[in-house]
Every structure is written in structure tokens, then in C-alpha cells.
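Residue numbers (this note's numbering), protein chains in the order written: chain A, 1 to 586; chain B, 1 to 586.
Please note that the accuracy of each hint is not assured.
A pair counts as met if it fits within one copy or between any two copies, since identical chains are not told apart.
What the hints assert, rightly or not - In the DSSO-like style, the derived pairs of lysine-lysine whose C-alpha atoms are separated by at most 30 Å in a straight line are: (1) K404 / K505; (2) K525 / K562; (3) K506 / K5; (4) K34 / K123; (5) K52 / K120; (6) K428 / K466; (7) K34 / K424; (8) K120 / K12.
No wet-lab data here; the hints were simulated from the structure.
Protein chains: 2
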Amino acid sequence: MRWSKSYLFTLKETPADAEIPSHILLVRGGYIRKLAAGMSTYGPLMLRSIKKFEQIVREELDKRGCTEILMPMVQPKEIWEETGRWKEMGEGLQKLKNRNGHEFCLGATHEEVVTDFVRKDVKSYRDLPFNLYQVQTKFRDEIRPRFGLMRGREFIMKDAYSFDRDSDGAQVAYKNMYEAYKAVFERLGVKFRIVQADSGNIGGNQSQEFHILADAGEDQLLVSDSSDFAANVEVCPAIDAGQVTPKNETPKAMEEFATPKLRTIEDLAKATGVPANQLVKTMFFSASDDAKLNLNPVAVLLRGSDEVNPVKLKNHFGLSNPPMLLTDDEVLKITGAHPGSCGPVGLKIPILMDQGVKHLTNFIVGANKDDFHLKNVNAGRDFQTVAVGDFRMAKEGDLSPDGKGKLKSYRGIEVGHIFYLGTKYSRKMNANYLSAEGELKPIEMGCYGIGISRTVQACVEQNHDKDGIIWPLSIAPYHVHIALLDPEEGKLPAEVADQIYTELKKRNIECLIDDRNERPGVKFKDADLLGMPLRVVIGAKGLDNGEVELVPRRTKQMVKVKALDAVEHILAWIEKERLAEMKGSH
Amino acid sequence: MRWSKSYLFTLKETPADAEIPSHILLVRGGYIRKLAAGMSTYGPLMLRSIKKFEQIVREELDKRGCTEILMPMVQPKEIWEETGRWKEMGEGLQKLKNRNGHEFCLGATHEEVVTDFVRKDVKSYRDLPFNLYQVQTKFRDEIRPRFGLMRGREFIMKDAYSFDRDSDGAQVAYKNMYEAYKAVFERLGVKFRIVQADSGNIGGNQSQEFHILADAGEDQLLVSDSSDFAANVEVCPAIDAGQVTPKNETPKAMEEFATPKLRTIEDLAKATGVPANQLVKTMFFSASDDAKLNLNPVAVLLRGSDEVNPVKLKNHFGLSNPPMLLTDDEVLKITGAHPGSCGPVGLKIPILMDQGVKHLTNFIVGANKDDFHLKNVNAGRDFQTVAVGDFRMAKEGDLSPDGKGKLKSYRGIEVGHIFYLGTKYSRKMNANYLSAEGELKPIEMGCYGIGISRTVQACVEQNHDKDGIIWPLSIAPYHVHIALLDPEEGKLPAEVADQIYTELKKRNIECLIDDRNERPGVKFKDADLLGMPLRVVIGAKGLDNGEVELVPRRTKQMVKVKALDAVEHILAWIEKERLAEMKGSH
């Protein structure tokens with residue numbers, strides 16, 4: 001492709017609303033352009049990368065017996081009411097009414113649609129198992145879209161659904177998809193981790209996430225330094241490394257003391273001399289899926305050095321979504337004090353206690369009176385709890401839950417997720433089959449997603465430098481960027497570029513030729529920004545010596561080669577790079 | 001692909017809501033399944049055909065320098081207000097509000113989005129020309145969806161947009177797309193016509209439609225029997241073949257007479273003995289784009305044998321959409337009579353007269369009094385007109401407007417449409433560029449659509465028989481359907497089928513193997529229904545003689561060939577068929 005024949009516009013300025021490197025670089029490179037918050041147009045280069053990634057996904061799924069279909073993006077309310085998710089999905093589900101007053105939503109996910117599709121055709125155990133997938137534009141009404149495609153409203157997703165006779169079959173299907181996803185991300189050639197994950201409001205009880213590692217990742221991953229244990233912090237069990245030794249002190253008399261303006265754990269620790277991990281803080285949540293209808297306030301106690309894990313609370317209470325923190329006003333109404341001066345003593349609401357607090361005696365808590373705390377407080381004597389358990393966030397340095405080693409922390413971008421669903425949807429929607437024994441049984445299901453557009457941006461987030469993108473070969477829009485320095489037609493550099501272009505095309509190596517009338521500096525800057533894996537510089541000066549320059553984007557270590565051998569050198573470099581990528585050596 | 005590994009379910013029954021053959025066959029063959037009115041899931045076979053057609057379209061566009069991008073399906077209200085189409089598009093534009101109260105619509109077309117995309121990047125004449133296209137799911141809130149994908153709400157479309165410096169450039173772009181579309185439909189291998197068309201509310205003043213011919217087509221096409229003139233009846237000028245000889249009678253005195261229960265032209269002609277083409281009928285329309293706000297009633301006079309062409313009225317009045325007929329109540333209020341007894345004499349609203357009435361004298365019209373007519377009525381003397389012109393539908397037998405031959409009528413399914421837009425959108429949206437002379441100029445545009453999913457169904461509508469679909473090779477889901485009659489693994493028929501499958505795959509010929517445990521009759525019926533171009537029957541009985549059977553779907557003329565030569569015979573047949581298809585011999 002010639003630059004002059006395509007639609008390529010690069011920007012020098014950093015776009016005002018772009019916060020992370022991949023977003024900045026994709027906009028500057030003309031890969032994406034914002035239409036509205038969370039909705040972007042994909043330019044020609046971006047679309048090439050997206051399609052290459054889609055193709056990798058298709059190949060790995062087809063290879064494993066999955067069947068591609070395409071379902072509608074607009075979905076009728078009725079099927080979402082069958083599963084109860086019309087309400088449960090909340091405001092993220094974009095609803096609409098047509099001219100006849102019928103209600104629909106934009107497809108955020110397709111469990112309902114695919115179950116409806118399947119229940120109309122499947123009758124017997126002979127019709128099972130199978131796995132249906134699609135690659136499709138999805139829509140979620142994100143409350144605060146940002147980071148380009150990373151947290152967009154409209155995005156491209158591959159979603160797959162498995163259908164089996166029984167849970168054994170469903171487990172085989174789940175493992176099949178695990179292998180498919182692993183192969184997809186290995187072929188992509190980027191650093192990724194597979195972690196245990198929460199099932200969200202999709203349902204089911206087994207799920208794993210695939211994360212591309214990147215500093216700007218929204219998720220925290222905890223990975224054992226000595227085994228293959230890995231989990232999203234949301235679900236990672238928290239096990240103290242240095243167990244706080246039970247103090248075994250005799251309970252002393254509880255006592256109120258003034259703590260003027262000491263509202264944070266840090267300030268309190270400084271003022272009292274008690275370390276944060278021996279102070280106890282009290283957090284307030286609404287243990288309800290609809291706080292407007294039913295506030296249901298609860299208090300959670302944990303060590304001052306720990307953080308509450310709302311997903312653990314969600315699972316403890318069996319909610320659809322993680323509970324929300326109470327507002328300061330709500331806390332004031334319940335406790336009589338502002339957050340920072342609150343504690344468990346005298347509370348009329350249920351109190352949960354993180355197991356880390358269990359070993360503490362004679363501890364300090366808020367007095368439920370502004371600027372006062374209580375000391376020598378003891379659980380059981382001074383307040384009662386409804387549950388003691390693991391309610392805190394695990395963190396780097398905790399013990400690995402499999403008993404092997406300690407946890408290390410990474411940031412990741414979630415790009416894939418696999419779920420074992422069981423019969424949650426099939427039971428609610430009457431998707432049954434007649435077993436070999438003549439029994440009517442609900443179909444066992446699994447669902448599996450890959451964020452296609454998100455993955456492509458995540459690759460950029462992991463692979464870039466200050467000058468621009470560094471595409472992996474696997475999904476680079478073009479493999480080679482020819483910087484043609486003297487592009488006048490009929491002249492030697494243009495002819496050499498054409499020859500190299502034609503030879504490479506025969507070998508399925510794709511080139512972008514920068515044939516603009518621009519200075520070399522402009523061309524090099526744009527080549528760095530756009531990020532094709534290999535730059536080939538062809539100019540009159542070099543050709544005086546019969547030479548062209550090869551510049552790998554990642555290392556920027558230029559080598560001069562004979563123009564006549566350029567194609568061989570390029571092919572060799574690409575072959576070497578491809579192997580390195582597959583081995584994950586970058 | 002093996003039947004047993006895919007997701008294929010055929011139906012014996014005709015679906016209740018399917019009215020035309022292609023809809024019935026696509027549902028019976030499991031190609032599509034309805035989710036809601038106007039929204040269908042594409043099964044695996046349908047998706048293969050759709051993708052093959054998309055690929056043909058992409059290749060022909062890429063070859064001609066078009067650039068593929070992908071724009072959002074959800075579009076903000078603001079840009080549609082810039083062009084005035086937020087209101088003008090009417091209720092077919094599906095609108096929605098997000099959680100923050102912002103208004104959006106689902107993309108029915110993308111002129112606004114692409115113009116917004118382009119105006120952010122294009123600065124100078126050096127950035128022009130170019131052509132951007134996308135393949136995307138679109139949504140229109142059809143008031144009465146029917147015929148499967150033919151008049152659906154959600155559908156797949158390829159839309160392209162050209163951007164040029166001036167109208168000469170835009171004409172070159174238009175012709176380029178004309179050639180691309182012609183090549184696309186030629187490669188498809190079906191019978192089609194290119195006709196002059198109306199621009200609808202897209203704007204611009206030059207447009208042509210591409211129609212696949214089929215009896216169930218919603219459009220009437222008029223084609224000269226002696227030249228290449230062809231037009232959609234909507235825009236075809238109407239020229240009488242046998243000119244009605246002016247009677248040159250002396251105007252007589254107007255006279256009222258009773259016509260009890262004579263409300264139709266047929267009844268009136270029978271009762272009076274005056275032929276329908278010498279009677280004059282009066283039709284009432286609302287010459288307004290918003291009849292609720294502003295009724296603006298007008299009367300149209302034409303011969304009893306003619307029909308009003310609302311598109312000609314639309315263009316006469318400069319409306320966005322064809323005007324609606326008045327209701328009986330509205331007519332009664334204006335004329336004092338019910339339709340069937342109305343006429344121009346004494347009307348207070350503007351009267352338009354079709355040129356066919358011009359030559360009539362002393363004619364009969366309704367008296368604006370139920371069950372009475374007037375005779376000896378003469379235009380000019382008894383009523384005044386505001387316009388005389390071509391307001392009727394042209395019809396078979398009329399003269400071709402290019403002066404060559406007479407018109408013949410066809411039914412067609414509109415599958416492609418090309419428009420020259422001029423600067424309608426660029427002016428309204430300030431999409432300008434700086435010319436070589438330093439002048440700020442609006443970009444010249446064109447837009448070009450192909451209904452992808454609609455085309456695939458239209459191929460079926462044109463190519464089927466009572467037993468099922470007859471796919472053209474170009475987009476058949478598979479080229480060959482192997483009916484494996486004795487599918488037990490390890491037995492000879494299964495082995496022969498596998499060999500043939502493998503050999504054909506090497507030559508890029510795609511096979512579907514029916515490996516189910518079903519009787520031959522069931523397999524043959526399903527093969528006919530699914531419609532792959534060539535059926536190959538492999539069974540133990542035939543193999544006893546070393547033979548397999550080849551059955552072309554279109555002719556059903558079976559030939560037996562040696563199993564050892566089967567692959568050669570199949571390749572030869574496909575090659576022959578491909579040539580026949582390209583020549584349009586079917």
C-alpha cells in the first residue's frame with residue numbers, strides 16, 4: 001500500500017482526552033478517531049490489525065470444532081426477562097424502544113440470544129455437544145468511558161457459547177476453550193497471564209481471565225513466585241505471610257479518648273504509636289443490588305493496613321454486583337459520626353469481621369462520635385459479629401493460596417474470560433434436551449469472550465516506546481514500512497522500492513510505502529509512530545553505494561545491506577522475529 | 001465440514017410467517033432463524049455465503065483504490081442535527097437515550113459520521129480524492145418487517161463514500177463505483193439490471209440502482225426492448241405509446257348526473273360506456289413532509305387507466321419523502337364527498353393535472369357530492385390547474401424515454417445504489433479543503449451502498465426450485481455436497497468420501513459431507529434444500545461397480561463416474577459451471 005493512495009493522517013499533538021500511552025499513540029497515528037465518548041472510528045491501519053487478530057481467533061476456534069454464526073445486535077426485552085437480567089444488568093445495558101413501543105437492548109453479551117437460538121433446534125442428546133461463536137460489535141453504556149478502546153461503549157468482541165449434555169462434557173468444552181485462548185495469546189506474541197477470576201453477573205462458578213500485562217492495566221493480578229498460581233486480586237484469597245502473633249493480652253476496660261482531626265489510619269497510627277496493622281478500621285457498605293430500593297447497610301471491620309475486597313463481600317452476600325460504599329451522609333445517619341470516627345461498638349447493623357482482626361485484642365476503633373476513638377476494644381465482649389472471614393484484598397507479599405511461595409503483583413488488561421455456566425440459563429429459558437434415557441434435561445453451558453478491539457490496544461499498551469507503537473508481527477498492519485526518501489517516479493529509489501515491494505508481496509510480506517514528498521525526518525518520525533516491525537530506508541544517497549538501511553522498530557539498531565540482497569535480509573529478519581515472538585522472548 | 005460436527009438443523013414444515021420462496025427456503029434450510037420481527041440470526045451456512053459475498057465486494061473495491069475503515073453503529077444526535085436529518089429521516093431512524101440522557105441513533109446510513117470523520121483530517125487539495133468504505137451491521141426501524149432479510153430491521157451493508165475536489169472528480173469517482181458494482185454483480189453470476197433511480201432523502205441529483213431480477217421483487221423496473229435504457233418505475237418518464245388523439249370537440253355545457261354506487265373507475269366505465277383512459281380521476285395527497293403539523297392538501301387529476309407516481313409528486317414539490325394519500329375523512333372534509341365521487345370542479349385546493357388529461361375534452365369527473373358525477377367538464381373553463389406535467393407511473397408498452405423502442409416490465413430486488421451527492425453534506429457540516437488557489441471549498445461527495453445480507457437472499461429468490469435453493473458457485477456455502485450413504489467409519493464409502501474431500505480441499509474446493517445416520521431419501525431431500533451446486537453420492541452399492549454419482553443441483557441430471565476419476569470430473573464440472581456463471585448463461 002502506498003501512503004499517497006491510502007487514508008493516513010498522523011498528528012503531532014497529544015489529544016486532550018487521552019490519558020494512557022496506547023490511547024495517545026493510536027490517536028496520533030490515525031488508528032482511531034473519536035466520534036463520541038466511548039465510540040471510535042477505526043482507520044484503515046487499525047482495521048487491518050483488528051482483522052488479523054480476528055483471524056487468529058477464528059483459526060484457533062475452528063481448529064477446535066467451534067462453529068461461527070452471527071446473532072443480532074438488537075435484542076428483544078422478552079428473552080432478558082426470562083433470565084431476570086433485564087433488571088439485574090443495571091444501567092450498563094443500553095435500552096431502547098422502537099416506533100411500535102416494543103422494548104429492546106443493544107447486545108452487551110448474548111447468553112439469552114444464543115440460548116433462544118439453540119432451544120428452537122436442539123431436541124435430543126444426539127444434537128449435543130457443540131460450540132457456537134461470533135465476532136460482533138457490542139455495546140455497553142459505560143458510565144465513564146475512557147482510555148480509547150480500553151473502556152469504550154462500542155467495541156468488537158468474540159463471544160462463544162458451549163452446549164453439552166452434562167457437567168463432564170461442559171468441563172471438556174471449558175478446557176478446550178482454555179487451550180484455544182492460550183494458543184491465541186501465544187500466537188499474538190505478547191506477555192500475558194491466565195488468572196482465576198470472579199464470575200460477575202454472568203453466573204456459574206468457574207472462571208478464568210486472560211490478561212495482557214501492562215503498567216496501565218486496570219486489573220491487579222497476584223501471581224505466585226514459586227508455582228503457576230495466579231488470580232485476579234478480586235478473588236485471590238488473602239493469607240498473611242507474617243502471621244500477626246495473637247497478643248493474648250488480658251482484655252482491659254474499654255475507654256474513650258479524644259482524637260481531634262485524626263480521621264485517617266496514617267494520622268491515628270502516628271498519634272497513637274500503634275502500627276496500622278494493629279489498628280482496626282470500620283467500613284460501611286450497602287449489601288443490596290438496588291441501594292435505592294433497599295439500602296441494607298452493613299459494617300466491615302479490618303486491619304488499618306488492609307483494604308476491603310468488595311467482590312468477596314458480593315459473593316458472601318450472594319449479590320449480582322459488588323456492593324457500594326455508603327455515602328458520608330448515610331454513615332452519619334447510622335453511626336452518629338463521620339467516617340474516620342466510626343467503629344463497631346453500639347452499632348445496630350450487621351458487622352462482618354475480616355479474619356485478620358481475629359487475633360487482635362484491646363484494639364482501637366472509632367467511637368461513633370466525631371473526633372473520639374475507643375481503646376481496649378475486644379470483639380465478642382464489646383460488639384458482636386455476624387461473620388468472620390476473608391474480606392480483604394490480598395496483596396504482594398501474602399502467601400500463595402496453593403501453599404507454594406509468595407504472591408507477586410502485576411497490572412493486567414483483561415482481554416479474555418472463560419466461564420463455566422452450568423444450567424443457569426438453560427433452566428430459566430427451558431433449553432432442554434431428551435437424554436439417551438428419555439429424560440428431559442437442561443443443557444450444560446459455558447461462555448467465553450475475547451475483547452477483540454481491546455486486545456489490539458492492549459498490545460500497544462504493552463509494546464511501545466516514547467516515539468510510538470512497536471507492533472508484534474502477528475497483528476502489525478503491515479510487516480515492513482518502506483521510507484522512500486526520494487520518491488520521484490522513474491528515479492532509482494522509487495524503482496528499487498517497487499521491486500522490493502513486489503518481491504515481498506509474492507512471499508506474503510505486506511509493505512507500506514511512504515511515498516510522500518516529505519523530509520526524511522518527517523518520514524522517520526511517522527514510521528516510529530506507526531510502529532511497523534521493520535523499517536526499510538531507500539534513498540538516493542544510500543543507493544550511490546548500492547545500499548539500503550534496515551531498522552527494526554523495537555531495537556532501532558540500523559544495519560546497511562546491499563540493495564540487491566535486501567529482500568533476503570528482510571525475509572530472514574522477519575523469520576527470526578516471528579520465532580522470537582512465538583517464544584515470547586520480547 | 002462434516003454435518004455431524006457443524007450446527008445444521010433443517011425443517012420439513014414451512015414457517016408460518018414466511019411469504020416468499022427465498023424466506024421459506026432459508027428458514028427451512030437453517031440458514032436463518034428469527035429472533036424478533038426483522039432481526040435474524042445467521043446460521044453457519046448463511047454466514048459463509050455472506051462472507052463470500054463480502055469478499056467479492058472488498059476485492060472489487062480494493063482493486064479500484066477504495067480504503068476500508070469501520071465506523072460506530074451508535075451515532076450522536078448532534079451530527080444528524082447539523083444536516084437536518086435527525087428530523088427528516090422520520091421514525092425509521094431508531095433513536096435511543098443513554099444513562100446520561102444523551103441522544104443517539106442506530107446507524108441506518110453513515111453520511112454524517114463519515115463527513116465528521118473526514119473533516120477532522122482533510123485540510124488541503126493534496127489530501128483529496130479518496131473513497132472510504134465499510135462493511136457493517138445497520139439498523140432501520142422498518143414499520144412492517146417481512147420477507148426475512150429482504151425487508152429486515154437489522155441487516156449487513158457495505159457503504160462507501162467518495163470525496164473529491166470538484167464535480168468532475170466526483171463524476172470519475174461515481175463511474176469508478178459504477179464499474180465496481182457492475183463487476184461485483186457479474187462475479188456473483190446472477191441476472192441483474194442497472195436502472196435510473198430516485199435519490200430518496202439521501203440528496204444529490206444522480207443515482208442508479210442495481211437490481212437482482214426476481215418475481216417477488218418489491219420494485220418494478222422498466223427496460224427498453226431496443227436500447228440500454230432502464231429505470232425504476234419510480235422515476236421513469238411516462239410517454240404514451242398510442243397517443244390519445246385530441247378529440248377537438250366543442251366544449252359542451254357541464255351537466256351533473258346520478259351515479260349511484262359507482263365509486264370505481266371500472267364501474268363507471270361499464271355504466272357510462274366511456275373507456276377508462278378517457279375518464280378522469282381525482283386523487284388527494286398531502287404535499288408536506290409532516291402531515292401532522294401541516295396537511296397541505298393537493299388534488300391530482302389523471303386518466304382513469306393511469307396511476308399516480310408519488311415520487312414524481314415528491315420531486316415536483318421538493319419534499320424529502322413521497323407524499324401520503326389523504327384519508328377518506330380528510331377528503332370528505334375538503335370536497336364534501338367520499339373518494340369515488342370527487343372531482344376538481346369547485347375545489348379550493350391546488351390542482352395538478354397529468355399531461356395525459358391535457359388532450360381530453362368534455363370529460364367526466366366526480367361532482368364532489370356522493371353518488372353524482374359531472375360530464376362535459378373542461379380544464380381551464382370549469383377549473384384551474386397550478387401545474388400540468390408527468391405525474392403518472394410509466395408502464396409496460398409506453399415508449400422508451402430515449403426514443404428507442406418500448407418499455408418492458410421486470411420485477412427487481414434492489415441490492416445496490418450509487419448516488420452523486422455533490423456538496424449537500426459537506427456544506428452543512430463544514431467539510432472543506434483549501435484549493436491549490438488558496439480558496440476554502442466544500443468537498444464533493446458521493447455515496448454507494450450494497451445490501452450484503454439482502455443480496456444473498458435475493459440470489460436465492462432468483463435461484464431456487466420447488467425442492468430448495470440453487471446456489472451460484474460464487475457464494476455457495478460449500479461447492480460440493482457429499483451424500484455419504486453408508487457412513488460407518490472404516491468402511492469403503494467413508495474412506496472414499498474422505499479421499500475425495502481431502503483431494504478437493506487441496507484444490508480449494510469446499511465440501512460438506514452428510515455423514516449422518518439417515519436414509520438416502522432424507523439426505524437427498526436435505527441436499528436439494530440446502531442447494532450446494534454439485535451433489536456427489538457415495539454409497540456401498542455404487543462402489544460395488546467402482547462408481548459414484550454426480551448430480552448438479554440446477555439440472556439434477558445425474559451422471560455416474562468412476563470413483564477413481566471422481567475428483568477430476570468434479571473439478572471439470574466446477575470449472576465449466578464457473579465459466580457459465582460468469583457469462584450469465586443461467
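Do the hints match the structure? See the list:
1. K404 / K505: neither (51 Å within a copy, 50 Å between copies)
2. K525 / K562: Within one copy only: 24 Å inside a chain, 64 Å across chains, cut-off 30 Å.
3. K506 / K5: within (21 Å within a copy, 35 Å between copies)
4. K34 / K123: Intra 46 Å, inter 18 Å, cutoff 30 Å: inter-copy only.
5. K52 / K120: between (34 Å within a copy, 27 Å between copies)
6. K428 / K466: Neither: 52 Å inside a chain and 40 Å across chains, both beyond 30 Å.
7. K34 / K424: between (38 Å within a copy, 23 Å between copies)
8. K120 / K12: between (55 Å within a copy, 14 Å between copies)
Going down the numbered hints, you'll see the structure goes against 1 and 6, while the others check out.
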